[in-house]
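Enquirer: Since the structure of chain A is provided, determine the placement of chain B on it from the hints.
Quick note, the sequences are listed as chains A and B, same order.
First residue of the first sequence: 1, per this note's numbering; consecutive thereafter.
First residue of the second sequence: 1001, per this note's numbering; consecutive thereafter.
I should point out that these hints are in silico values taken from the structure, not numbers from a laboratory.
Think of the CB as a built atom: it goes at the ideal place given N, C-alpha and C, for glycine as much as any other residue.
Worth double-checking, as some hints may not be accurate.
What the hints assert, rightly or not - Derived DEER-like restraints, expressed as beta-carbon distance ranges:
1) B:D1055 / A:A437: 43 to 49 Å
2) B:L1172 / A:P670: 30 to 36 Å
3) B:R1171 / A:H651: 55 to 61 Å
4) B:R1171 / A:E611: 35 to 41 Å
5) A:L25 / B:D1013: 22 to 28 Å
6) B:G1003 / A:M28: 18 to 24 Å
One letter stands for each residue in the lines below.
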Amino acid sequence: MGPVGRADGWTKVQGRAVYAADVRLPGMLYGAVVRSPHPHARILRVRSEAARAVPGVWAILTGADVRYGTYGRRVRDMPVLAREVVRFAGERVAAVAAESLPAARQAAALVEVDYEPLPAVLNPQEALQPGAPRVHEVAWQYPGAVVGPDDPSNLQSRGVWQHGEDVEEALARCAYVFDETYEIPPAHQGYLEPHACVAWAKPEGVVEVWASNKSPHRLRAQLAACLGVPAERIRVMPVYVGGDFGGKGSPMDVPVAVALSVATGRPLKLVVEYEEDLTAANPRHGSTVRIRLGVDGEGRMRALDVRAWVNGGAYAAFKPVEHVNLNGFAEAGNTYRIPAVRIESLIAYTHTVPRGHMRSPGSLEANFAVESTVDVAARALGLDPLEFRLRNVLRAGDRGTLGEPWVEMRGEEVLRALAGALEEGEGAAGTRREEEAGWARGVGVALYCRAAHAGETEVALQPRPDGSVVAWVPFPDQGGGQHTVVRNVVCKELGLLPAAVEVQQVDTDELAADSGVGGSRVTLTASAAASRACQQLRRRLEEEGLRGLGVQEAVAELARRRPAERVRGRLSVEEELWLNSVCAQAARVRVDRETGQVRVEELVTVLDVAEILHPPSHRAQVEGGVVMGLGSALLEEVVVEGGRVVSSNLHEYRLPSVADVPTLRLILVPGGKGWGPYGVKPVGEMTNVAVAAAVANAVADAVGIRVRRLPISAEEVYRLLRAQEARP
Amino acid sequence: MSGASVELWVNGDRVRARVSGGEFLAEFLREGLGLVGTKVGCGVGVCGLCTVWMDGRLVSSCLVPAVVAAGRQVWTVEGLVALAEGRVADPPPGLPPGRLVRVVQRAFVECEGLQCGICTPGQLWAACALLQEEPDPPEERLGEFLAGNLCRCTGYQGILRAVRAASREGRLAGG
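Okay, chain A solo, but in the shape it has when bound (with noise of 0.2 Å):
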């Protein structure tokens, strides 16, 4: 037998994996949605006869016949479908029931809508600029919002965070005061899963909803306020989510499935096209960073002050935190001494595409422009960029660069790490800074430190007859391998084999609560609640005397005493852990000086770790990551014109294929300290991040030039290396 694969891995090669878009429900009909072409415009006139003449067709509604509050996952402030105004382009003004997808689409197509454009404001220094053209007439009032009467009308959110001395007067003080500002472009996160839902509002008065969602009890919880129904009538059902990203987390197009089936009295699916996915979803916040870090005349970072303007498009409703802002602008310098630190995220409503998390939000952004600023720096005082990063990173004990109270810092270990494999590959290579027919090489590195949290879950157990144990999960597994985590944690408290352990997803009936996947939190949380239920399992054997059995004998012995036995393990840790990991990455380039052409040769990945559950599913998560920041650093950007996404479909967003990877060299770092029955560390959104910022200062390194603009194109390239050439 060869070593045990994932617990969702035979499900998954056998194509019987059920995603929300292979829900097939008896009289399903099938949905489309009408699309603003307008960035901000009035509706005057909705008209849908010829839509109602195609044969199939059972409804179509508009923003005035759905009587549904607004939606959001913090804000409530986006409506089911537009009323009155359209605040984007791509944003959703009618939509369609009908028999079959052919004729939704077709009717979608034959709805005429009358516009009256209104001036639109698409960036955010812009929009909170006095006088700028509102968003949303009193964007305060909404439910969750965050700002008041007396914020800028287009401010979604501020975020502030700041430690230690007045950050100007430290700035005064410094020898050296680096100025720069970088922009992040949006990004779709990518999932090849486009949205997908199919909601069942049943004469009962009960909803039934699949839904491509990876938090299914906060699902229930956003439709019930939205549709104005205790929770208990919302029954989110288990589907696997074909890729996640940070994209899966808000009702998304639900509510107005529901509305159609409610409307129609039948299930209906409504699976949107991938170009209405990376037009009119929750793509990445894009941002302009500004950073001004002062250093001392010794090399050492005195004072760092940030400043992010981020383009939160027309809706806040698909952030989930509290602050409503992205916690990764708060980690900006996280990695150094620097007694003096003023961070400010201010995002703006603007007429384009709401925006979402992805992957680490706010992290890339923040970690680019002050990564890059480090490197700036280092260039500038002639330091080597990682000497210069020893020198100021934060040591074993210190506090966080925000005051926090680590239970561990190892930056200083991981970045040794880091040198020590660069001196390796270079032996290896031998070639570094060798030019080659107008081909320059170059090495970057780049730091990164990110905290983590736990949420709240529930699993449950129940013995089989058989001898073998289900292990019933209220979350879905969108890749993650959180299932295989639950299995393993199981297999090895009740010393039962892989194969006598079975993971399933239940519906939101079935367990109490659960904070869904997000925010790297599931492997922590899981591993702790399927723990807690084995210890109720091994009690419960105990009590029944069944301990001296073998135990898959005990297993099968008290299920036949007690059919209907379940034990459960809950657990909701509000407190925070102090918990963080490190990430150094450093990336091997060549630059063509003619035409601009990068070439990652090699990305180096060095992460602190603790215990791993399941070491494949790890790796996966590091490799994974590690190319998805490639594509940020090298390929993706939502193109936004006038208003619009123009990245229409996957041939203009282009994704890494596995033509584009290098080779990858992963050097994990063992020891650390993890939290809870296993001691674990998330991974999930560690090494996605500073591939961006490795790949840019080894560009540096190798033709001398900043690029200050993801991504690294060759356009963009080209055009610094002639400029570079232009000045005297």
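Expert: Chain B only, in chain A's frame:
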């Protein structure tokens, strides 16, 4: 809506149906026949999720009008699994042998050749077709052959490990 009557063979079974001019094979397989193992991603032939076997070669079923499939042999992941499980009495020539499919499936499970799984049916087809054509492919051939099947989760490393492992095992077993 006008429609055309078509007859084709899907996973060895004869299928007769009316399809509309605008209907593509992927949608016909999924919604018309309920064969939802074939996934749809981009819908424009870039991502490879909807890969199926048609008359001896792999196609993006999102790009094939259903009427074009008339008279042809189409095999989906459900059929591929049936081959692996030895449930196909007399497979048409050119399909990957069941033994190879089993080896590939197991390698994908054991080598973490999948995560969310949405691209997996297409990846399985690509891996089987490659190893069928070239049991011991050189590294650069892997990149070329598999570049038409995107995966956002794995960074492709698990998939490459799976294909290499399947290649080794396939050759060992094949003698």
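Enquirer: None of the hints should be skipped; say for each whether it holds.
Expert: Hint by hint, here is what the structure shows:
A beta carbon spacing of about 45 Å between B:D1055 and A:A437 agrees with the range 43 to 49 Å that was offered as a hint. Take B:L1172 and A:P670: their Cβ atoms lie about 33 Å apart, and the range 30 to 36 Å holds. The beta-carbon spacing between B:R1171 and A:H651, approximately 36 Å, falls outside the hinted interval of 55 to 61 Å. Between B:R1171 and A:E611, the C-beta spacing of about 37 Å keeps the proposed range 35 to 41 Å intact.
At roughly 24 Å, the beta-carbon separation of A:L25 and B:D1013 lies within the given 22 to 28 Å, and the hint holds. Remark: the range hint 18 to 24 Å for B:G1003 to A:M28 is upheld by a beta-carbon distance near 20 Å.
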